[in-house]
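*Asks:* Read off the chains here:
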Amino acid sequence: MSGAFRLAGRGCIDTTRPVVFRFDGRMVRGYAGDTVASALLAEGRHLMGRSFKYHRPRGPVSAGSDEPNALIGVGEGGRYTPNLRATQVEIHDGMVAVSQNRAPSLRFDIGALNTLAAPLLPAGFYYKTFMWPRRFWDKVYEPLIRRAAGLGRAPTAPDPDHYALHYAHCDVLVVGGGPAGLAAALAAGQVGARVILCDENAEFGGSLLADTYSLIDGLACGEWVARIVAELERLPNVQLLTRCSAFHYGPHNMVALNQRLSDHLATPPADMPRERIWQVRACEVVLAAGALERALVFEGNDRPGIMLASAARAYLHRYGVACGRKAVVVTADDAAYRVALDLAEAGVKIAAIADLRPTPGGPLVEAARARGIEVLPATTIQRAHGHLRVTGAELAPVGADGTVGKGWRVSCDLVLMSGGFTPSLHLHSQARGALRFDDALGVYLPGESIERVRSAGSCRGVFALDDVLRDGVAAGLAAAGGEIGPAWTVMRQDAPGTGGFAGALPRRGPGHLALAFVDFQNDVTAKDVKLAVREGFRSIEHVKRYTTTGMATDQGKGSNVNALAIVSNVLGRRPEEIGLTTYRPPYTPVTFGAFAGHARGDQFDPLRLPPMDAWARAQGAVFEDVGPWRRARYFPRAGEDMAVAVARECRAVRAVAGIFDASTLGKIEVAGPDAAEFMNRFYVNAWTKLGVGKCRYGLVCRDSGFVYDDGVVGRIAADRFHVTTTTGGAAGVLNMMEDYLQTEWPDLDVWLTSITEQWAVIALQGPRARDILAPLVDGLDISAGAMPHMTLREGTIGGVPMRLFRVSFTGELGYEINVPSSQAQAVWDRVWEAGAAFGVTPYGTEAMHVLRAEKGYLIVGQETDGTMTPGDVGCSWAVSKVKPDFIGKRALALPALNAPDRLQMVGVLTEDPRLVLEEGMQLVPAADSPVPTSAEGHVTSSYFSPALDRSIAIAMVKGGRARMGTSLYAPSLDGSAVKVMLVDPVFYDPEGARLNG
Amino acid sequence: MVEITEGCALAGLPPMVRLVVQGRVAALDAAAASLGLEAPPPMLRVASGIGGSALRLGPFELLILPTWEARAGLDAALAPVPHSLVEVSDRNVGFLLEGARAADILAGLCPLDFALSSFPVGMVTRTLLDKADAMVWRTDAHSFHVEVWRSFGPYVEAQLREVAKGISFSLLTV
Numbered sequence: 001m002s003g004a005f006r007l008a009g010r011g012c013i014d015t016t017r018p019v020v021f022r023f024d025g026r027m028v029r030g031y032a033g034d035t036v037a038s039a040l041l042a043e044g045r046h047l048m049g050r051s052f053k054y055h056r057p058r059g060p061v062s063a064g065s066d067e068p069n070a071l072i073g074v075g076e077g078g079r080y081t082p083n084l085r086a087t088q089v090e091i092h093d094g095m096v097a098v099s100q101n102r103a104p105s106l107r108f109d110i111g112a113l114n115t116l117a118a119p120l121l122p123a124g125f126y127y128k129t130f131m132w133p134r135r136f137w138d139k140v141y142e143p144l145i146r147r148a149a150g151l152g153r154a155p156t157a158p159d160p161d162h163y164a165l166h167y168a169h170c171d172v173l174v175v176g177g178g179p180a181g182l183a184a185a186l187a188a189g190q191v192g193a194r195v196i197l198c199d200e201n202a203e204f205g206g207s208l209l210a211d212t213y214s215l216i217d218g219l220a221c222g223e224w225v226a227r228i229v230a231e232l233e234r235l236p237n238v239q240l241l242t243r244c245s246a247f248h249y250g251p252h253n254m255v256a257l258n259q260r261l262s263d264h265l266a267t268p269p270a271d272m273p274r275e276r277i278w279q280v281r282a283c284e285v286v287l288a289a290g291a292l293e294r295a296l297v298f299e300g301n302d303r304p305g306i307m308l309a310s311a312a313r314a315y316l317h318r319y320g321v322a323c324g325r326k327a328v329v330v331t332a333d334d335a336a337y338r339v340a341l342d343l344a345e346a347g348v349k350i351a352a353i354a355d356l357r358p359t360p361g362g363p364l365v366e367a368a369r370a371r372g373i374e375v376l377p378a379t380t381i382q383r384a385h386g387h388l389r390v391t392g393a394e395l396a397p398v399g400a401d402g403t404v405g406k407g408w409r410v411s412c413d414l415v416l417m418s419g420g421f422t423p424s425l426h427l428h429s430q431a432r433g434a435l436r437f438d439d440a441l442g443v444y445l446p447g448e449s450i451e452r453v454r455s456a457g458s459c460r461g462v463f464a465l466d467d468v469l470r471d472g473v474a475a476g477l478a479a480a481g482g483e484i485g486p487a488w489t490v491m492r493q494d495a496p497g498t499g500g501f502a503g504a505l506p507r508r509g510p511g512h513l514a515l516a517f518v519d520f521q522n523d524v525t526a527k528d529v530k531l532a533v534r535e536g537f538r539s540i541e542h543v544k545r546y547t548t549t550g551m552a553t554d555q556g557k558g559s560n561v562n563a564l565a566i567v568s569n570v571l572g573r574r575p576e577e578i579g580l581t582t583y584r585p586p587y588t589p590v591t592f593g594a595f596a597g598h599a600r601g602d603q604f605d606p607l608r609l610p611p612m613d614a615w616a617r618a619q620g621a622v623f624e625d626v627g628p629w630r631r632a633r634y635f636p637r638a639g640e641d642m643a644v645a646v647a648r649e650c651r652a653v654r655a656v657a658g659i660f661d662a663s664t665l666g667k668i669e670v671a672g673p674d675a676a677e678f679m680n681r682f683y684v685n686a687w688t689k690l691g692v693g694k695c696r697y698g699l700v701c702r703d704s705g706f707v708y709d710d711g712v713v714g715r716i717a718a719d720r721f722h723v724t725t726t727t728g729g730a731a732g733v734l735n736m737m738e739d740y741l742q743t744e745w746p747d748l749d750v751w752l753t754s755i756t757e758q759w760a761v762i763a764l765q766g767p768r769a770r771d772i773l774a775p776l777v778d779g780l781d782i783s784a785g786a787m788p789h790m791t792l793r794e795g796t797i798g799g800v801p802m803r804l805f806r807v808s809f810t811g812e813l814g815y816e817i818n819v820p821s822s823q824a825q826a827v828w829d830r831v832w833e834a835g836a837a838f839g840v841t842p843y844g845t846e847a848m849h850v851l852r853a854e855k856g857y858l859i860v861g862q863e864t865d866g867t868m869t870p871g872d873v874g875c876s877w878a879v880s881k882v883k884p885d886f887i888g889k890r891a892l893a894l895p896a897l898n899a900p901d902r903l904q905m906v907g908v909l910t911e912d913p914r915l916v917l918e919e920g921m922q923l924v925p926a927a928d929s930p931v932p933t934s935a936e937g938h939v940t941s942s943y944f945s946p947a948l949d950r951s952i953a954i955a956m957v958k959g960g961r962a963r964m965g966t967s968l969y970a971p972s973l974d975g976s977a978v979k980v981m982l983v984d985p986v987f988y989d990p991e992g993a994r995l996n997g
Numbered sequence: 001m002v003e004i005t006e007g008c009a010l011a012g013l014p015p016m017v018r019l020v021v022q023g024r025v026a027a028l029d030a031a032a033a034s035l036g037l038e039a040p041p042p043m044l045r046v047a048s049g050i051g052g053s054a055l056r057l058g059p060f061e062l063l064i065l066p067t068w069e070a071r072a073g074l075d076a077a078l079a080p081v082p083h084s085l086v087e088v089s090d091r092n093v094g095f096l097l098e099g100a101r102a103a104d105i106l107a108g109l110c111p112l113d114f115a116l117s118s119f120p121v122g123m124v125t126r127t128l129l130d131k132a133d134a135m136v137w138r139t140d141a142h143s144f145h146v147e148v149w150r151s152f153g154p155y156v157e158a159q160l161r162e163v164a165k166g167i168s169f170s171l172l173t174v
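Going down the list, the sequences are from chains A and B.
Counting from 1, one number per residue, gives the positions in the first sequence under full-length UniProt numbering.
Counting from 1, one number per residue, gives the positions in the second sequence under full-length UniProt numbering.
Think of the hints as simulated: they come from the structure by calculation, not from any bench.
Treat the hints with caution; some may be incorrect.
[Stated by the list, open to error] Result set (SDA-like, lysine to any residue): computed pairs, CA atoms no more than 20 Å apart in a straight line:
hint	chain 1	residue 1	chain 2	residue 2
1	B	131	A	716
2	B	131	A	80
3	B	165	A	735
[As the list claims (entries may be wrong)] The following label-pair restraints were derived from C-beta to C-beta distances:
hint	chain 1	residue 1	chain 2	residue 2	range
4	A	481	B	116	45 to 53 Å
5	A	643	B	100	55 to 63 Å
6	B	59	A	838	39 to 47 Å
7	A	483	B	15	50 to 58 Å
8	A	747	B	140	37 to 45 Å
9	A	643	B	72	53 to 61 Å
10	B	38	A	158	54 to 62 Å
Ideal Cβ placement from N, Cα and C applies to all residues, glycine included.
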């Protein structure tokens, strides 16, 4: 047997399968089925970590997920995970684990000096001390405090594993696989309901795994669990999940589970996800979360070797480990007597049972006495001795008036404490369940919830095993809508104790320097809680925030009730008047990897590629993200930077022709007899008189009168429009159209279809565009006379169906060739080949922006910011004066939206033609305008224009149109101010001669 | 078909004609009749006739996958009633996901309940596959016809493969 404290023939570990792992660089031997904590305890080692604030040496208090002390880092490199509970981490060969928050070593930690300064570090210390000077906080205080406090370090290497997500639906979700949960799942499963049963541990059984006394149907608890699990496995409608924690209870019974798949395996299968998040939508939820034993609050209660009585029992019966040689038991509940009896039977000497109650009695107490164990009624523990391990306990009598008499020392290497059991209410509370205080038990129990949820077993204060099983069956049947369920006879069980203690134990002397911990993980002492109350905090929520009690990752599992009782005692008010703090998800910490799931790397978001993406890549294009799309920004030739490439592309478009993939433009087909009427109501423009085969620039406003989107609209037929939107506005415009159609105008016979991806768009722009295109369009006459600017024709191009728009966003003669997406590349190739002789040049989004700015065409979202009217951006010509109504019409009539000093779109020229302004620059009246000063406007677009061979910019300026010819100044970050002239925003070909060529 | 995990294969569907028919009852009736159906299918159901399949995606909307011959007849059938008929053959790409694990794989990306009792054969709906809008049609107990807009195809295919990679570990169909 490995480990001096391992007991042969006990526990559920597999002693035929030894496991070797490393802890802080040292080899540790254990067995399959061990946790890090049980394997270390088997070697007699309790010291496993250092505390958060004072760097106190700490050992495990519990044997489960409520562990606040034994937090360790596990794994190496990208697989390193900090702050895992040693009590839950299953060991495997080759595993590497390290202790945390210590330097240079766990046994000797320099940070432990903090504990000497503890009297100077009360609750609120940081708030009070590090106030001044204010600027020191960010640079000095916070970094120092963060280095000193805190737990494990975050891993920095990329995570090599993959994580899964799964949505599941069931009739009944049972959370917790102890006796209540097993009974509920079986009852619901036998009725035929779809059941999911999850448990955070590696095996089902819960408290039964550590119970060697009770007998169910003549079976030992372990055998009974195995039988029930086997029955559940036979039911095809039941899904069993172990190592799976329900950590979040969302609205409408959407419960999130975190399943750990591979961490316990030495060599997991190649494609196994490390963890999986289950998003379970359950018709009904049964919470069988159990109850957690409470620690006692006394001086030195955090010394390694001091633990919960139930934990010692779990280590004994689940792992075959005696947690010490000589134990002192301090209790206010009968349950600890069973632990003492079990330990004594296993050879652990019980030095004494100190019972806080004046007259403990009953069969368990008598059994302990009969075994020769010294039972000390009305006795408390004044303090624990020892540093890296408890060496003794000072026990003292408690008088009838509550005063504590002179104590005596009992040497021991293990102190077991039992303050009674706190029902685990976390998930019930997350489910917005009310809590009610139970006077008899002295704890909160679940009340009504707005969700379809019910609690069963000890998490609702039902403790006797036979009651728990019946409660579980009843809950399972109620959840599944069944009437008859399984029944078992409990032939032997301990009667549940009715004792318990909450708050700080009575002590002798004021204990000004005593560190009696309430919240082990956040190093909050009884003194801190009392101080918070003395300083005026009355609400438990405020006490929580001031002291940080219950705010650690264990969410106050072991500490909340004790903190509450201390506040209650100091204030002299009943606990239910104090309230209880909110339990927040997650129940136990969940890794970022699990949350990310498969949304990582390239798969984080859909990356949408336009049809000619591969071609652009082959041409060496540089790309940019435009919303979810990746678009070619420019096509550099050897040695070109962006400025040079863009200038060349712009010149090519103005001199010959450019070709551009405009497929990402949003497109919507508006069809039906009322299509024109719909367009009239939706757009600010008038559409009735737009002839078939004609195009018009359309503007959409919100009902606020502010520009929402724009685009060219073509009339395909009397009852059919081909609407284009901006790339980013496609989904929004379609949604807004549907919204109005369904809610405001359901009488209209018109319907909308997104055709964004049906039609790819090849823009061919430049003076030679017609010459290139004419031979390709299968006989269609596209001459200037037959097909002038702003017209469209349907035809074919090399046999491929085509909607040809003569439109221009460059100011040149131009076409947008719409062809079905699957054939776009073939058509593009044909145009490309035909254009080669002319010198057609591919251009990207950057050149497109420059070319449109030279023409003073606005870009929605660049010139506009959601507060610009059509008039502001120089488009009042587009707003129909005669239509009875359209979206935004009323708002546009408001005086405020027609005020002469509104921001208006103007062109801006610098004195120095080489100087390109920064987009976003503010414009102020004078070079030496005092700071702060109100800006007169701001620059929205700014480029170097190859056509004008100088810089150009567009700005929004107060009353800008009336100020053309005047100057403003653009202050730059270096303090200088650039003088600029306000001009007409159409910089190039203002007559539009080229457009109509 | 490519097996993406034990018990599930994925294939891209060949190009097909896709038509969106929208209109009131008369238009949907006319469209259904031209496919050889007695009536349009109820909401979120598919009906197949001699002229092709009609997928009822909305109260006023059918996605029609016609046979080649039925394509022209549809125009004529709809002509007398107010309607919108728009071809979207190239807007969508389709996948066929097939096998015992197909529903589990979809459940890795979609919050709908794919139990046969909740999502029977012949049901179709627009939904989300993780962050992509999609349409899912159960063509058989273990067979799904999935469509997304063209540019979402690579993303969705990669997501299906990623989910398939981890699907076989500790996951049983409930």
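*Asks:* Does the structure break any of the earlier hints, and which numbers would those be?
*Replies:* Hints 1, 2, 3, 4, 6 are the ones this structure does not satisfy, whereas the remaining hints hold.
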